[in-house]
Amino acid sequence: MSKSSKFDRLINRRTVLKGAAGAVGLAAGSGAITGFPYVRSADAKVLRYLGTAVNEGDEISKKCLADTGIKIEYITATTDDVTKRVITQPNSFDVLDTEYFSLKKLVPSGNIFALDAKKIKEFDNLTPVFTKGQLPNGKKIGDQGTAPWKVLYLEGANSKTFSKTPTEFVTLIPTVYNADTLGIRPDLIKRPISSWTELLNPEFKGKASILNIPSIGIMDAAMVVEASGQHTYADKGNMTKAEIDLTMKIMTEAKKAGQFRAFWKDFNESVNLMASGETVIQSMWSPAVTKVRSMGIACTFQPLKEGYRSWASGFCVSKAVSGPKLDWAYEFVNWYLSGWAGAYLNRQGYYSAVLSTAEANMTADEWGYWMEGKAAVGDIKAPDGTILEKAGATRDGGSYDERMGAVACWNAVMDENDYMVRKWNEFIAA
Amino acid sequence: MMLVFALFFLLPLLFVTIVSAWDYNEYEMIPAFSLRGYSDTFEGCIADLPNLCTILKTYLKTLKLCLLTWVLTLLIGFTVAYFLAFHVRSKTWQIVLTLLCTIPFWTSNVIRMIAWIPLLGRNGLVNRGLEGAGLIHQPLEWLLFSEFSVVLALLHLFTFFMVVPIFNSMIRIDRRLIEAAYDAGATGWQTLLNIIIPLAKPGIVIGSIFVITIVMGDFVTIGVMGGQQIASAGKIIEARLNALQFPAAAANAVILLGITILIISALTRIVDIRKEL
Numbered sequence: 496m497s498k499s500s501k502f503d504r505l506i507n508r509r510t511v512l513k514g515a516a517g518a519v520g521l522a523a524g525s526g527a528i529t530g531f532p533y534v535r536s537a538d539a540k541v542l543r544y545l546g547t548a549v550n551e552g553d554e555i556s557k558k559c560l561a562d563t564g565i566k567i568e569y570i571t572a573t574t575d576d577v578t579k580r581v582i583t584q585p586n587s588f589d590v591l592d593t594e595y596f597s598l599k600k601l602v603p604s605g606n607i608f609a610l611d612a613k614k615i616k617e618f619d620n621l622t623p624v625f626t627k628g629q630l631p632n633g634k635k636i637g638d639q640g641t642a643p644w645k646v647l648y649l650e651g652a653n654s655k656t657f658s659k660t661p662t663e664f665v666t667l668i669p670t671v672y673n674a675d676t677l678g679i680r681p682d683l684i685k686r687p688i689s690s691w692t693e694l695l696n697p698e699f700k701g702k703a704s705i706l707n708i709p710s711i712g713i714m715d716a717a718m719v720v721e722a723s724g725q726h727t728y729a730d731k732g733n734m735t736k737a738e739i740d741l742t743m744k745i746m747t748e749a750k751k752a753g754q755f756r757a758f759w760k761d762f763n764e765s766v767n768l769m770a771s772g773e774t775v776i777q778s779m780w781s782p783a784v785t786k787v788r789s790m791g792i793a794c795t796f797q798p799l800k801e802g803y804r805s806w807a808s809g810f811c812v813s814k815a816v817s818g819p820k821l822d823w824a825y826e827f828v829n830w831y832l833s834g835w836a837g838a839y840l841n842r843q844g845y846y847s848a849v850l851s852t853a854e855a856n857m858t859a860d861e862w863g864y865w866m867e868g869k870a871a872v873g874d875i876k877a878p879d880g881t882i883l884e885k886a887g888a889t890r891d892g893g894s895y896d897e898r899m900g901a902v903a904c905w906n907a908v909m910d911e912n913d914y915m916v917r918k919w920n921e922f923i924a925a
Numbered sequence: 308m309m310l311v312f313a314l315f316f317l318l319p320l321l322f323v324t325i326v327s328a329w330d331y332n333e334y335e336m337i338p339a340f341s342l343r344g345y346s347d348t349f350e351g352c353i354a355d356l357p358n359l360c361t362i363l364k365t366y367l368k369t370l371k372l373c374l375l376t377w378v379l380t381l382l383i384g385f386t387v388a389y390f391l392a393f394h395v396r397s398k399t400w401q402i403v404l405t406l407l408c409t410i411p412f413w414t415s416n417v418i419r420m421i422a423w424i425p426l427l428g429r430n431g432l433v434n435r436g437l438e439g440a441g442l443i444h445q446p447l448e449w450l451l452f453s454e455f456s457v458v459l460a461l462l463h464l465f466t467f468f469m470v471v472p473i474f475n476s477m478i479r480i481d482r483r484l485i486e487a488a489y490d491a492g493a494t495g496w497q498t499l500l501n502i503i504i505p506l507a508k509p510g511i512v513i514g515s516i517f518v519i520t521i522v523m524g525d526f527v528t529i530g531v532m533g534g535q536q537i538a539s540a541g542k543i544i545e546a547r548l549n550a551l552q553f554p555a556a557a558a559n560a561v562i563l564l565g566i567t568i569l570i571i572s573a574l575t576r577i578v579d580i581r582k583e584l
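Just so you know, the protein sequences line up as chains A and B, in that order. Using this note's numbering, you'd call the opening residue of the first sequence number 496 and step up by one each time. Using this note's numbering, you'd call the opening residue of the second sequence number 308 and step up by one each time.
You may find that some hints are simply not true.
Far from chain B, by Cβ distances over 12 Å, these chain A residues were calculated [said to hold, decoys possible]: (1) Lys-558; (2) Thr-622; (3) Gly-633; (4) Tyr-825; (5) Gly-880.
Here are the simulated DSS-like pairs of lysine-lysine, each with C-alpha atoms no more than 27 Å apart in a straight line [said to hold, decoys possible]: (6) B:Lys-368 to A:Lys-750; (7) A:Lys-760 to B:Lys-371; (8) B:Lys-368 to A:Lys-751; (9) A:Lys-736 to A:Lys-599; (10) A:Lys-751 to B:Lys-364; (11) A:Lys-616 to A:Lys-645; (12) B:Lys-371 to A:Lys-744; (13) A:Lys-814 to A:Lys-579; (14) A:Lys-800 to A:Lys-645; (15) A:Lys-700 to B:Lys-368; (16) A:Lys-800 to A:Lys-634; (17) B:Lys-364 to A:Lys-700; (18) A:Lys-736 to B:Lys-364; (19) B:Lys-368 to A:Lys-760; (20) A:Lys-869 to A:Lys-800; (21) B:Lys-364 to A:Lys-744; (22) A:Lys-760 to B:Lys-364.
Stretch-level coverage of chain A by chain B, calculated; a stretch enters the list once three of its residues show a Cβ under 8 Å from a Cβ in chain B [stated by the list, open to error]: (23) 578-584; (24) 749-763; (25) 912-918.
Simulated from the structure, these hints should not be mistaken for lab results. Just so you know, even glycine gets a beta-carbon here, dropped at the ideal spot from N, CA and C.
Construct all of the structure, not just a fragment, from the sequences and the given hints.
Here is the structure:
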């Protein structure tokens, strides 16, 4: 999930500028810091935060500075570039915000540092989605792919092996996750959509799209293939070569028949394809659907009977971090889970890892709309105050339990990743 | 000068070549000799005959786009340069008009390309206009996310690289030669073919080198305008890099470099730039 896009960065840069001005004002107003180059003052607590744009809200860093005195410097990159940076330049960041499926590449590289669960205050309050693979009500959820609980623990502080049983060494402290599905234009399709197979339905010839990020695109493709009854995968997130061949064959036939209008790679492309009516059904991400809707265009993040493809991300630190910086990192992660940030993420349509603290920071109406599938009593607003939904609206897919409970698979890195990437290139060239 | 060249060009190139012959796994390069990057790239090239393998298909497509873009930028670029050099008399206007050619570069790549959707899209300006004029009844799908749109965007971007060197060659042509040709009774076409084109050749070749090298390595324009459905040599490298398969990416880069060098050396065979300059 590379939610960072040029467009987002544009917006972020603008808001970050405002934020920086605010921060300086705050520092000047508080009178605590008198030296002019504020950032250089000896006591400034600065953490370089590498991640995608998903969690990098300017509001979050401002609030964090106000609450803890820690100044967050965002380094924004796409999912692939974040991974590349961790592998090649581990000294260029302090805190890493990344997805669980990247861990299969990151942990063996030895460039990240496992955090100590005992120092995370809310660790025992984490949603059991991460620790046990089940909902708070005990329902088990899909475990295909790189599900977070498979890669949550390490065997030791410097171990490169994932532990099957809980240990105190945690690879990523979970922060945010969501369940992804297809986005549709109900005004142009004009009939109910209930299955992933619709993506390849000839009815939408030349009006469908899928994302061109191989590791995620193939999972969406697998959902389609399985839904159409052509093959049942043992694990969609870890296909055999024969399964990759089959999946790509079906997709290639559809591509040759002209099923796809375009493939998309960044958030903004997906918004444009959908908003302009170039596509009417495509793989999509939740905030992209919200963005299309905020333009006044009908767009549904359609729940499908075969379930969702889920992703999750969290925090760890670079192995180069030590001393007071490590303490700040713990302080930052603890602050992040303490509720304000969680509520902020929930209001964007994501889910926070510690539900209880986020709930305490949201109104009952907000909690009802975003988490419980209830109709909104008043207007639902985005964190920046713009109105997302009018009173009476309900969330696509319903409550947390309905959406997360219907997760079928998780973003993954396959054992046959190398082969898969080659086959994907072949698909694009076909 | 030599040092800069060695440090920032030859050395990195050497590294790329060395790495292309390394082995790799999910997260790191292994400095052991392996031609896996290359053998994977040419996978199926013999087994799949008579069907073309991925890499050949990709290069054929890239070459086709490159050729189309080259021919069209040359035609348009030459015409624009001719107009600027021979029809615009004042130096100021020549400069102003040349600067106008840079307008496509005033916005960012992404915004520029997104802007094509409202123009060429299914509900775009062109389709609406044609439908309004009663010329078509169904929107034309091939206007966007097709080879047509890719070539159009490439033209829009890179014609400038043809205009400048050709213009530069043309203004250096001694006007007395043209007058002499006129006096000797040559027609406009004869002057063009026998005097202007031969003397503008260095500019044409330099412009061609710019356009060909850029288009051969391009993956952003082809990706966005082709709806990510058209393969390009650069795209393969990008996909490999994103999967952290650096040696495989390096191998593809070496192959691309080799092919581009072949084309360029063929071009310089036709015109010896060093002699002409």
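**Message:** Check the hint pairing A:Lys-700 with B:Lys-368 against an upper bound of 27 Å on the C-alpha distance.
**Reply:** holds (24 Å)
**Prompt:** Given the proposed pairing of B:Lys-364 with A:Lys-700, does the C-alpha separation stay at or below 27 Å?
**Reply:** holds (24 Å)
**Request:** Mind checking the alpha carbons of A:Lys-736 and B:Lys-364 for me, to see if they're no more than 27 Å apart?
**Result:** holds (22 Å)
**Message:** Confirm or reject: A:Tyr-825 is not an interface residue toward chain B, with every Cβ-Cβ distance exceeding 12 Å.
**Reply:** holds (26 Å)
**Request:** Decide if the proposed pair is consistent with the structure: A:Lys-736 and A:Lys-599, CA atoms, cutoff 27 Å inclusive.
**Result:** holds (19 Å)
**Asked** Hey, B:Lys-368 versus A:Lys-751, does the alpha-carbon distance stay inside 27 Å?
**Response** Holds, at roughly 15 Å.
**Message:** Is the claim that A:Thr-622 lies outside the interface with chain B correct, judged by CB distances over 12 Å?
**Reply:** holds (29 Å)
**Asked** Given the hint that A:Lys-760 pairs with B:Lys-364, does the C-alpha gap stay at or below 27 Å?
**Response** Holds, at about 22 Å.
**Item:** Hint consistency between B:Lys-368 and A:Lys-750 [alpha-carbon to alpha-carbon, up to 27 Å]
**Value:** holds (16 Å)
**Prompt:** Is A:Lys-760 close enough to B:Lys-371, meaning Cα to Cα at most 27 Å?
**Reply:** Within the cut-off at roughly 24 Å; holds.
**Message:** Quick check for students: does the CB of A:Gly-633 sit more than 12 Å from each CB in chain B?
**Reply:** About 35 Å separates A:Gly-633 from the closest Cβ of chain B, which puts it past 12 Å; holds.
**Request:** Decide if the proposed pair is consistent with the structure: B:Lys-371 and A:Lys-744, CA atoms, cutoff 27 Å inclusive.
**Result:** Between B:Lys-371 and A:Lys-744 the Cα gap is close to 25 Å, so the pair holds against 27 Å.
Hint violations for this structure: none, all hints satisfied.
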